[in-house]
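Participant: These protein sequences, in sequence, are chains A and B. Just so you know, the first sequence maps onto residues 1 to 113 in my numbering. Just so you know, the second sequence maps onto residues 114 to 224 in my numbering.
Keep in mind the hints are simulated off the structure, nothing from the lab. Where hints are given, some of them may not hold.
[What the hints assert, rightly or not] If you want the footprint, here are the derived chain B segments under chain A, 3+ residues with CB under 8 Å:
1) 184-192
2) 213-219
[To be verified] Pairs of lysine to any residue, SDA-like flavour, derived with a Cα cap of 20 Å:
3) A/K100 <-> B/S178
4) A/K100 <-> B/H123
5) A/K100 <-> B/K126
6) B/K126 <-> B/E197
7) A/K100 <-> B/S186
8) A/K42 <-> B/R220
9) A/K100 <-> B/L124
10) A/K100 <-> B/T208
11) A/K42 <-> B/H123
12) A/K100 <-> B/H142
13) A/K100 <-> B/E197
14) A/K71 <-> A/K100
15) A/K42 <-> B/I139
16) A/K110 <-> B/G153
17) A/K71 <-> B/R180
Don't be surprised by glycine CBs; every beta carbon is placed ideally from N, CA and C.
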Amino acid sequence: GESVGLHLPTLSVQEGDNSIINCAYSNSASDYFIWYKQESGKGPQFIIDIRSNMDKRQGQRVTVLLNKTVKHLSLQIAATQPGDSAVYFCAETLRSGTYKYIFGTGTRLKVLA
Amino acid sequence: EAGVTQSPTHLIKTRGQQATLRCSPISGHTSVYWYQQALGLGLQFLLWYDEGEERNRGNFPPRFSGRQFPNYSSELNVNALELEDSALYLCASSTKRVEQFFGPGTRLTVL
């Protein structure tokens with residue numbers, strides 16, 4: 001199967017601090033990127049997306065940054081809360097193609113009280 | 114609006130048996146995607162159905178198959194189960210807008 005990496009990196013953040021989760025994507029032709037949050041025992045939940053013609057997009061407490069030059073995506077979470085504890089995945093796809101998503105490894109975010 | 118639903122929640126089978134997993138997409142969505150998420154790993158793309166046709170499949174053996182019904186619900190079949198097939202199987206649905214909405218998954222355990 002297509003997936004990236006075998007180990008799940010963990011980011012521990014103090015409650016109230018900002019979190020930055022990084023992702024390197026694989027296909028320079030990808031033109032749509034999504035961040036998902038997956039809580040234990042649940043399916044992934046859409047957080048925010050960004051198209052390749054943008055380099056930044058903001059949502060509620062979240063910001064996604066896209067650097068196409070180095071094929072890098074980041075998710076910033078402001079004022080991290082205990083409810084943000086989850087595994088975060090980035091996904092890439094080609095909107096004009098098969099719509100098949102390629103998911104990154106995932107990062108586990110632990111919020112410390 | 115109801116989200117993507119999957120059944121059963123849990124499924125326990127033994128090696129060599131067959132498993133059938135079901136998915137109902139969000140109303141109005143014509144595409145259904147299946148992913149496998151083994152413990153501690155990321156999501157691996159299995160199959161994509163759109164308008165009743167298989168449009169793409171990932172790097173999985175032919176014993177992983179499925180279909181999409183006229184009402185756009187979908188079934189994933191796994192034949193000749195192996196221990197390493199134990200995983201969370203996730204279904205997602207979408208319209209042509211690309212954004213995929215995921216169901217809660219079916220946890221398949223092969224003994």
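Participant: In ascending order, which of the hints set out earlier in this document are inconsistent with the structure?
Facilitator: 1, 4, 5, 9, 13, 17
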